[in-house]
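Just so you know, the protein sequences line up as chains A and B, in that order. Those letters in the first sequence? Residues 9 to 429, by my numbering. Those letters in the second sequence? Residues 153 to 319, by my numbering.
Be aware that one or more of the hints could be misleading.
Stretches of chain B that chain A covers, calculated by requiring three or more beta carbons in the stretch to come under 8 Å of a beta carbon on chain A [said to hold, decoys possible]:
1) 166 to 180
2) 212 to 221
3) 242 to 249
4) 265 to 273
Taking lysine-lysine pairs in the BS3-like style, the calculated list, with each CA pair at most 25 Å apart, reads [stated by the list, open to error]:
5) B:Lys314 <-> A:Lys56
6) A:Lys300 <-> A:Lys256
7) A:Lys256 <-> A:Lys242
8) B:Lys266 <-> A:Lys36
9) B:Lys314 <-> A:Lys36
Chain A side only, calculated, beta carbon under 7 Å to chain B, not exhaustive [what the hints assert, rightly or not]:
10) Ile45
11) Glu53
12) Ile57
13) Gly58
14) Lys82
15) Ala130
16) Gly148
17) Ser149
18) Val154
19) Asp198
20) Thr275
Calculated from the structure, these hints are not laboratory results. Keep in mind that this is a model prediction, so the values were computed, not measured. C-beta atoms are modelled at their ideal positions from N, C-alpha and C, and glycine is treated no differently.
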Amino acid sequence: MGMTIAEKILAAHAGLSKVTPGELINAKLDLVLANDITGPLAIKEFRKIGLDLVFDKNKVVLIPDHFAPAKDIKSAEQCRDIKEFSREQDLAHYYEVGRNGIEHCFLPEQGLVVPGDLVIGADSHTCTYGGLGAFSTGVGSTDLAVGMAMGEIWFRVPESIKFVLTGKPKNKWVSGKDYILAIIGKIGVDGAQYKAMEFTGEAVTNLSVDGRLTMANMAIEAGAKAGLIAPDDKTIEYVKDRAKKPWKVYESDADAKYSEVIEIDVTDLEPQVAFPHLPSNTRSVADSTHVKIDQVVIGSCTNGRFEDLQIAAQIMKGKKVHPDLRAIVIPGTQQIYMQAVNAGLVQIFVEAGAVVSTPTCGPCLGGYMGILAKGERAVSTTNRNFVGRMGHPESEVYLSNPAIAAASAVLGRIASPEEVL
Amino acid sequence: MQILKGRVFKLGDDIDTDLIIAARYLNSSEPEYLASHCLEDLIPQLDEKVNPGDILVAGRNFGCGSSREHAPIAIKYAGFSCVLAESYARIFYRNAINIGLPIIVAPEACRAIKEGDKLEVDPREGTIINHTTSEQYKGEPFPPFILEILLSGGLIPHVAEKVKKGD
Numbered sequence: 009m010g011m012t013i014a015e016k017i018l019a020a021h022a023g024l025s026k027v028t029p030g031e032l033i034n035a036k037l038d039l040v041l042a043n044d045i046t047g048p049l050a051i052k053e054f055r056k057i058g059l060d061l062v063f064d065k066n067k068v069v070l071i072p073d074h075f076a077p078a079k080d081i082k083s084a085e086q087c088r089d090i091k092e093f094s095r096e097q098d099l100a101h102y103y104e105v106g107r108n109g110i111e112h113c114f115l116p117e118q119g120l121v122v123p124g125d126l127v128i129g130a131d132s133h134t135c136t137y138g139g140l141g142a143f144s145t146g147v148g149s150t151d152l153a154v155g156m157a158m159g160e161i162w163f164r165v166p167e168s169i170k171f172v173l174t175g176k177p178k179n180k181w182v183s184g185k186d187y188i189l190a191i192i193g194k195i196g197v198d199g200a201q202y203k204a205m206e207f208t209g210e211a212v213t214n215l216s217v218d219g220r221l222t223m224a225n226m227a228i229e230a231g232a233k234a235g236l237i238a239p240d241d242k243t244i245e246y247v248k249d250r251a252k253k254p255w256k257v258y259e260s261d262a263d264a265k266y267s268e269v270i271e272i273d274v275t276d277l278e279p280q281v282a283f284p285h286l287p288s289n290t291r292s293v294a295d296s297t298h299v300k301i302d303q304v305v306i307g308s309c310t311n312g313r314f315e316d317l318q319i320a321a322q323i324m325k326g327k328k329v330h331p332d333l334r335a336i337v338i339p340g341t342q343q344i345y346m347q348a349v350n351a352g353l354v355q356i357f358v359e360a361g362a363v364v365s366t367p368t369c370g371p372c373l374g375g376y377m378g379i380l381a382k383g384e385r386a387v388s389t390t391n392r393n394f395v396g397r398m399g400h401p402e403s404e405v406y407l408s409n410p411a412i413a414a415a416s417a418v419l420g421r422i423a424s425p426e427e428v429l
Numbered sequence: 153m154q155i156l157k158g159r160v161f162k163l164g165d166d167i168d169t170d171l172i173i174a175a176r177y178l179n180s181s182e183p184e185y186l187a188s189h190c191l192e193d194l195i196p197q198l199d200e201k202v203n204p205g206d207i208l209v210a211g212r213n214f215g216c217g218s219s220r221e222h223a224p225i226a227i228k229y230a231g232f233s234c235v236l237a238e239s240y241a242r243i244f245y246r247n248a249i250n251i252g253l254p255i256i257v258a259p260e261a262c263r264a265i266k267e268g269d270k271l272e273v274d275p276r277e278g279t280i281i282n283h284t285t286s287e288q289y290k291g292e293p294f295p296p297f298i299l300e301i302l303l304s305g306g307l308i309p310h311v312a313e314k315v316k317k318g319d
């Protein structure tokens, strides 16, 4: 019996020739990541273990991105805590505001994660790196503390579900975001609980690396432990000039065992909108255009990459943001910000009446930089629309791709790009 | 692990970590601060209503969403002795065990138990007695490795013991 890509990566890092789902293993970690929210708690737990130093100063990454640049004094102290720890431990990969970005945009961009890696991060969207063919998963601060100390943690080898996406969407605005929203809509927010999702098929391979990272990013929204896409030429092209270390390509065997195989033909798929208050609550955009909105957010670890900004700018170019609405554009990293400046995208956004923010997770989790008041509604390219996610418990978040978000910003209600262009 | 006794706070399906502890409070990791805002958008003034030992009972996919360990910490320090749910989100499950909060998978019990019921839970055996209805249930027992962590009082004491022994 063959193995899936997830099983192969876990086996290799556990020093085993084979693993099977359900097995508990100890596996060695290539990278351990935390941010300004989860890092301080992880450091506090690390201190209790009784070791002075992290397992490898080159493999622990701390990024202030959630409430950074600091939103208040307490947040500033949390940012200071991870910086001080980074200096004390002489970490090679601490990145200060102005030289970093949203962690899951930043790490792939900088080549800090590569195909074949085993990564844990104290952030649920660590599963993003599956888009490069790495096994990466979110953990809490205590698991992270143990990872920082020992360089390995225990895993239960997950079963895998294979998704085969066939066809070419007729609607040109359909993106990786719509594929993953459609999948979550189909299987539910616990449809892949404890499992690895493996995304395959021509519709997936036709996506850019940015689009693949978006898909893998939201695997957690179906409860998955990881979301993986086998590396191909596009992946290697993306990785080769960025990689700070060697990579390894793993692919699933033809006779690998899956708990389920789900085929989806995307030919007639329309852009998706996830209604409050679950990412699985999806409808096509055509069924959503009655919803009036107060705010649009374009950014986040899900959709804050250059391609996302390009698409939004294409729709907002020469248009004006609706007079009653705020549009907030957040490039995922400093490098993406610079690219957006050089390509004229920032000018398009500002001329349209949007604000362009420094990279931060801020509004996605209701931190700052775009909090919703009671009764307000937002269309957001982020990943969660839970009750109170972006502000007041009686506010609402509608999730979409960047094209829908940009069109909605112009019309002040959920809209298709066709209505604007 | 001791026998736990408390009154039930009943919740529904897909209770996410934003509901358990909203991100607006994540500028701190102080347990008491987090506990004072635990589940506040769902049960206002929870801290005035919970008696130490009370038990959270929920539906499917409890703790979905973010990896914030602040969520089980808030629950633990709010005074809850354990959580029973039909199923858990993966990261929340690990986090709860890691900080020494017993959480039990008990689908049948969770469907039957009502708000305000008085329960007695043996986390080691997974047995649940509902003293209000005199019904008894069996939750899923912990795998031995998980039980070992819980008996150490959480993952950090568990690992610290090993480090001390030089394993």
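Verification of the supplied hints:
no., hint, verdict
1, 166 to 180, "holds (count 10)"
2, 212 to 221, "holds (count 8)"
3, 242 to 249, "holds (count 4)"
4, 265 to 273, "violated (count 0)"
5, B:Lys314 <-> A:Lys56, "holds (12 Å)"
6, A:Lys300 <-> A:Lys256, "violated (47 Å)"
7, A:Lys256 <-> A:Lys242, "holds (15 Å)"
8, B:Lys266 <-> A:Lys36, "violated (44 Å)"
9, B:Lys314 <-> A:Lys36, "holds (17 Å)"
10, Ile45, "holds (5 Å)"
11, Glu53, "holds (5 Å)"
12, Ile57, "holds (5 Å)"
13, Gly58, "holds (5 Å)"
14, Lys82, "holds (4 Å)"
15, Ala130, "holds (6 Å)"
16, Gly148, "holds (4 Å)"
17, Ser149, "holds (4 Å)"
18, Val154, "holds (5 Å)"
19, Asp198, "holds (4 Å)"
20, Thr275, "violated (31 Å)"
Violated hints, in rising order: 4, 6, 8 and 20; the structure is consistent with all others.
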